[in-house]
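Chains H and G, in that order, give the protein sequences.
Heads up, the first sequence is in the numbering used here, so the first residue is 1 and it goes up one at a time.
Heads up, the second sequence is in the numbering used here, so the first residue is 65 and it goes up one at a time.
Honestly, I wouldn't trust all of these hints.
[As the list claims (entries may be wrong)] Here are the simulated lysine to any residue pairs, SDA-like style, with alpha carbons at most 25 Å apart:
id, chain 1, residue 1, chain 2, residue 2
1, H, K47, G, R334
2, H, K9, G, R334
3, H, K47, G, L171
4, H, K47, G, P340
It is worth saying that the hints were derived from the structure and are not from the lab.
What you are looking at is a predicted structure, and each value in this text was computed from that prediction instead of being measured.
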Amino acid sequence: MKAWVDADKCQGHTLCAMAAGEFFTLSDEDGHATARSHDVPSELEAKVRLAAGGCPEQAIVIEA
Amino acid sequence: MTDTVPNRAEVHFDRHTPEYRVQFEAITTELQQKCPVAWTETYGGHWVISDHQSVFELARDPHLLSSDHDPHNERKGYLGISIPAISPTQGGILEMDPPDQKDYRSLMNPYLSPAAVARWAPMVEDITRACLDETIESGSIDFVDDLANIVPAIMTMALMGLPLADWVIYCEPAHAAIYTAPDSPDVPRVMEAYFAMAIKLQEELENARQRPRPGLVHALVNAKIAGETPTDEFLGGMLGLLIGGGFDTTTSLTAKSLDWLSNNPGERARLAADLPGLINSATEEFLRFFTPAPGDGRTVTTDCVYAGQQLKEGDRLWLSWAMANRDPEVFPDPNTIHLDRTNNRHSAFGLGVHRCIGSNVARSIYKTMLTQVLDRMPDFVCDSESAVHYDTVGVINGMKHLTATFTPGKRLGDNLADTIAKWQHKCDTEGLAEPIARSEG
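Chain G with its partners taken away, still in its complex shape (with noise of 0.2 Å):
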């Protein structure tokens, strides 16, 4: 090979090892100091980019980077967002370019802005308040399984259109294809049961022509991008893509912060006496700590030197939001928690036009729960040491488990069954999942 680049920076990275979990800090600051552009040759070989700036620069270029995933080579055959790469299906509009992205994009955004998701805060407070009273008498939760699984997966079927009580179908697929590594013996169970939920799509796409109800379901079938209504094949991956980043992603967010704010009960007293003046700060600084999405794959488009590195087109490339959250330079004393931090530019919700579509849902459920746990169980002590992590966090940084005991309180209202039938009534007979109307100007 006569075009071999000279003085490639190589490393050995594996973010699917439960080892990049446990010495995240001292791996992110070793690639950040050597090499933040490095060649490693994991997963049939690939770059990965762990500094802030070059993160920010890569991931603002969809030109010179793409997301395309083309499992049927009609375009350039390009392998997506994952490395490696395993679902034979596009995901959705995270694994697809500009312009039919932004298309798709604009099509959603109505259901999705602030304006949008400010509508569903009375139902958020009530599915929250329910959840808590499932287990307020008793004095223990499990802060995963009865809080923090529940309430994104009831506001994503909320949002897309589908019967709320449906969650329970996709939550175990849902969280499991996701903390599942892809060389565990689990993998053909966890993939069957994520096909089982894939069907249970395919026939949700049937109804919604059949039946309409608002939603983004409905959106999706009866969308015309660039002349063309999509195919279902696409839509099943679109709905996936919703599933996947409305169920694992605020969950983690919420064990993650939970089991932090128990250990530092110091810092917990004083985000509640002053939640006004924190929850925001806080909210952010969380994300970027814990990055509950580390990082995305992207395809090189074009051949080009970025960082004194020769890229070349077809080269898959990892960007690492995680790593990018911890750059000393960007984030002064990085690998610690500041509940007031500013100029908090993190990339915990991606940069560029692919930045999470969900951010203003994750955010507001997540300052709800919080609200919540704060104010009914204000002395919660979680287990940590039984806290069961995701071995990897390849994915998703999650948790399973996150068991807490506190005083036991007195229910408020009805229980969650009850609670979540109530809801399904006002989404049939208000239209709650309406997008919102188009703005003056």
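Only chain H is shown next, with the shape it has when bound in the complex (with noise of 0.2 Å):
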């Protein structure tokens, strides 16, 4: 599975960071994240997928 945050639609939420923050990072600036990599490691695919689901802006994207 890969993950990745669409920069133009993140708006710096941080729920990402708070439901899976061993894949997602916040810019110390504006808070605003992104990915560690694009490749999800299995055992934290079911954060990324509750950290999708609960962006309100929904930009994270993912493929399996």
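Using the hints, build the complex out of the two chains.
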């Protein structure tokens, strides 16, 4: 599974880092999120899916 | 009129009435089922958007909808985000469109990002501790007056770089300006107090120029946006926005959720027993359910058809975050609080480029207050009968008073005045309100 944050949609709500802080990192400056890697470690897949489902801007893209 | 659109969905909708507060769930359900994009004749006529999908799409399209408030008619004369528009001045960047709005956000983000806010945690914890100390021995508290009005206000002062003890000057005007309905006989008195606050803020602008100290006020008076320095009128509106956003919203969330926890002791026990596991999802669920800032107005910039309705350039439009947050298409069992709700993509902080810039501050303060109340007053019982809710929820879904009783406990530290003085000294000598340093990469 691959996942990334669409930077044009992310507005820095920070909920993805609460749901899956191991995978999403927040900018110190504005709190906008980026994925730490393209590939989602298998043990984090469930958390990353929850993060994607909870993103208010629907900015997290998942590819199976 | 030959260009009148046939079959325009029309409803009577007036969110400034007490009935809207009391019948919120029934009105929301009716609007979402019958006409989630509807025209209402109130306040000069405006669209009201109540379903999540439409609110989501429209809020994230700053080209179709403008937030601009242009009281001097220098652009298109749009009326900003309040319906009805009552302020004679632009309300800071919440009533501004990109690209200038984005430049101001970039200027202020390093004071308000998660990393920037984390630096303030010790002060927020200490001020919260001191507030609870002031009442802990008595066994009774007003959660609004004695706690939730104070901590967010002092934190807002700190972030702005204003004297912490001055929170009392702004507190009453800031709250009254929000809970007073536009047709209330109190409006002249409230506006007078608000203008007195505005004059005080103009003095602070001058102070920030003559005796620079770190904080948002300093950043704003020295801003250069599109090559220009902002006017004092704009800065006054911007500081008013920071105070309004910082003071009343977290206060409301705290009061509403503590009242609910008191009335749902089983859920409170569940939360207290697993605070680390539940505090994040519970906070988001309270935000969704109570939505302290229930919506924002916009102005349509271009004729277009949306959801089968003909929108016209210049039409006013109300995006209801509060009603979108009860949409069963996105939130199963929407009118029930589920402390462990997942996929909670609520819009309590707004959506799109105007998403609340203080959301990290709000969450940090709220979680600190909730944690300490559950820890130090675990058996609190709110007197919900005597609680005073805002009569109307047109601007903020809040409370004026919420008294509670609990088993008395012991003080843990200095009183509130001494605690404020201690942190003022730290602000002055340690530069706590400096922006966070630019991160690598």
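Right, here's what the structure says about each hint:
1. H:K47 - G:R334: Given pair H:K47, G:R334 holds - Cα atoms ~23 Å apart, limit 25 Å.
2. H:K9 - G:R334: Since the Cα atoms of H:K9 and G:R334 sit roughly 36 Å apart, the hinted pair is violated (cutoff 25 Å).
3. H:K47 - G:L171: 33 Å, violated
4. H:K47 - G:P340: Holds, at about 17 Å.
The structure is inconsistent with the numbered hints 2, 3, although it conforms to all the rest.
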